[in-house]
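Generate the whole structure from the sequences, applying the supplied hints.
Read top to bottom, the protein sequences are chains A and B.
Just so you know, we're using the numbering used here here: the first sequence kicks off at 12 and counts up by one.
Just so you know, we're using the numbering used here here: the second sequence kicks off at 584 and counts up by one.
These are computed hints drawn from the structure, not numbers from a lab.
Values in this document were obtained by computation on a predicted structure and should not be read as measured data.
Check each hint, because a few of them may be wrong.
Not everything, but these chain A residues come out facing chain B in the computed CB check (under 10 angstroms) [as the list claims (entries may be wrong)]: (1) N79; (2) P86; (3) R124; (4) L128; (5) G142; (6) V146.
Covered by chain A, according to a simulated footprint, are these stretches of chain B (three or more residues, beta-carbon under 8 angstroms) [unchecked claim]: (7) 828-839; (8) 1124-1132; (9) 1136-1142.
Note that the Cβ used here is the ideal one computed from N, Cα and C, for glycine as well.
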Amino acid sequence: MSEGGSPAGPDAPPGDAGPTGPDARLVLLLCVGGETFALPVAVVREVLHRPRITPVPLTSGGAVGLVNLRGEILPLFDTGRITGRSPDIEATFSVVVETSRGAAVLTTDSMPRHAVLETQVGQSDSTAGSGLHRVEGDLVTLLDVEGLFNQLVAGVSASS
Amino acid sequence: MSNPEPEFRQIFVEEAEQRLDEFGSGLMRIEESGLTGDLIHAVFREAHTLKGGAAMVGLPQVARVAHAMEDILEQIRAGEREPTSQLVDCLLQAGDRLRAVIHRALEGAEDETECEAIVAELHASTRPAVSPPHREPAAPAAVAPTPAPAADRSPGPSLPASAPAPAEVRDTTTTAEARPAPAPEPPTARPEPPAPAFDSRVPVSVQRLDQMVRLVTESASAQLRLGALIREQTGRDPESLREFRALSQVLNELQELTMRTRMVPVSTITPNLQRAVRTLAKETGKSVRWEVRGADTELDRKVLEELAEAILHLVRNAVDHGIESPNERRTAGKKTEGSLILHAMQLGSEVVITVTDDGRGIDIEKVRRAAGRFGDANALSDDDAHQLIFRSGVSTARFVTDISGRGVGLDVVRAKLDAVRGRIEVTSQMGVGCEFRIAVPITLAVLSSLLVRAGDQRYAIPMHSVRNVLSTPGSHRADGREMILNNGRAVGLSDLAQTLGMDEPCSGPILVVAGLAREHAFRVDELLGQRDVVVKGLGTLLPPLDVLAGASIEPDGSIVLVLEAAGLIDRARRLRRASTPSDGPEAYAPAAHARQSVLVVDDARIIRELQRSILEGAGYDVRTAGDGAEALALLAEARPDLVMTDLEMPAIDGIQLTESIRRDDRFSGLPVVILTSQTSDTAKRKGLEAGADAYIVKSSFDQSSLLAVVERLLGAR
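Below is the structure:
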């Protein structure tokens, strides 16, 4: 964590051993605007604390700016906006996620934490969600990161 | 074809080079990865195409060899033979020898004896092996661009050769075969060119090169950070340390060398251009002499890649519309054979490429008329008026630039040039000819840039776009806009911060920036100096922004955005038009659309919002609707100037919406653009039959083309 970041895995609950089996349900929880999103740990590279953001003028689609991650320039997105919620104005932490189109950084209000995804209890109406799940008594939206960015890019190339 | 023209043979040789490269690499992939249907088909196709081409250009012996190769591949394809290492070797060596024969044929007759020998050896390879297979490592075709002499080539089990190949040549064989015994001497000594050195060329994947460039860039950044750390911790200037200076020098050289590895000669793209000229000339019954000068001029592979399509466009345009038919030329007192010359040269940090034809030139009056709806084109000089052909709305005028039925205009060429930070100009004289002049930076990776501050942000502006900095930064109010006088010419002035969406205006010096066809002045807060910046792309996740060329990492780890002059100027001009009611000299910019409105209809909110953002950024008023029913309700409230709709939506879809608009007299003449991910011809036909004015596939266009379509439809009204 911090600007150097930390891998998503070290704090994983005991008993989870890999991306398949039980670990397939290991997620990182992100709080954004009072709502909790779950990110599969497999797509999370690291967590950043208050990264230095270079604003990009005239951007749209929830793109906030650019972050220098050890020489790699990554786009930072407002998780609230790209998931169709309110802008994430409280963002203090960011999560670096891997997509097939490259890495990106997503904002979150507080320090993300690991959890194990429980039963799916409903479908997500949101285009960004792949289902509603129970986690530790709470209800979270499992984020489909790949789908989210595919749609974002499709929208970009469509409208852009 | 008994007496083919030399140019055709030249084309064939160039094509054969590629085919034999593919043939060789395909065989090696088969050897390494095993036989797959696709792979053997691909290799077979190369041999087959080579055979056809050879026959076409009057090289029957070459065709015979290719046929013999094809026979073996057919047996492999049919499962009658195994693609053993020996057999692959045999085919590879035959390919190498054939390559030499083809090259020699360019200078004279076919080497029939050699061809017979190759065929005999290929046939021999089909006989069962009588002794344990043995082989020497062979030079893969892709490694040695010039064919190795047969005498130095290693044999397959039945291919004789005089000497073993150099031991250091890589052997792609992975099976545990016995080391080959010395090969027998060839039956005859063949006069062939000397063996190439094996360091002459090594295929390296572009991804690996890009990775190298990135890592070198990282190391340069790390070195700068190290310098900052030394200064901070010791108070010493790092440059005063010999070790630091040595490190700097090595890194600089490494960086330059690495950048050089990305360079490719212009000749990489000329064979395709030549083929296009030849094909189109034949189709149109014209006689065209194609000439390339400066083909060894090098530039960044990515730049050339982007440029290739733009140049192809210009070349096709020259043959199709520029050069006259032989009869017309004769009547005009010209040689019946037209001339088309591509000339590349390096000028400083740029490569300039001209495409010159001696055809009929551009009809400037037609251009003026086509541009008339944007303003008084008659007030422009001929030179300025010629530049209008790169404008969407003018360039799409069929008589000017519709390229061989491809339905795209020279604005596409300009867009391609934009992508590589290039410029294009045209000069033309009626009846005499036309010259397109393209200037592009040699490399996109490192740009000499002027660093400026606007607000609290620093920006880099590539030096090749900076014309000058005004020492007396006074401005004038003229024609309702802020202008400056630069070298006696009136140039529009904008504020950089405000052009980039900031509220606070700049209060510092003024610099004049050149785009593709025009200059514009920007006021900034501060000039921070000139520096080489290593430009990194912004990836594919961010929406493309015309005003940005990329970003660079500073020694302190901060990011500096690199501005794109052409996009910046376009945006500044749009903003000026939006805030200026009057028309005038700047009316030549895309159609004024400050008060024009667009209704965006799409059930995906994210797409609606992105479209809104882009259109609003371009100065349009935008309303959005989530489906056709909502759109009809909004239409009833107020008529927009254009409707942009998705096809598949709940309730009332895009087709139904378009039909409703067309049925309603209140919306007579209202342009409708269908923007969809559906690519099928049926969907497109349905959309256009419903009454849409344009049908755009979401995946195939970018921001500038979206705006171009909107401007075209609104500007043409």
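Tested hints:
1. N79: holds, 5 angstroms
2. P86: holds, 5 angstroms
3. R124: Not OK, violated: R124(A) not within 10 angstroms of chain B, min 26 angstroms.
4. L128: Hint violated; L128(A) Cβ to chain B Cβ min 25 angstroms, cut 10 angstroms.
5. G142: violated, 19 angstroms
6. V146: The hint is violated - V146(A) has no Cβ within 10 angstroms of chain B, the shortest such distance being about 26 angstroms.
7. 828-839: violated (count 0)
8. 1124-1132: holds (count 7)
9. 1136-1142: Three-residue rule met by the stretch 1136-1142 of chain B, so holds; n is 4.
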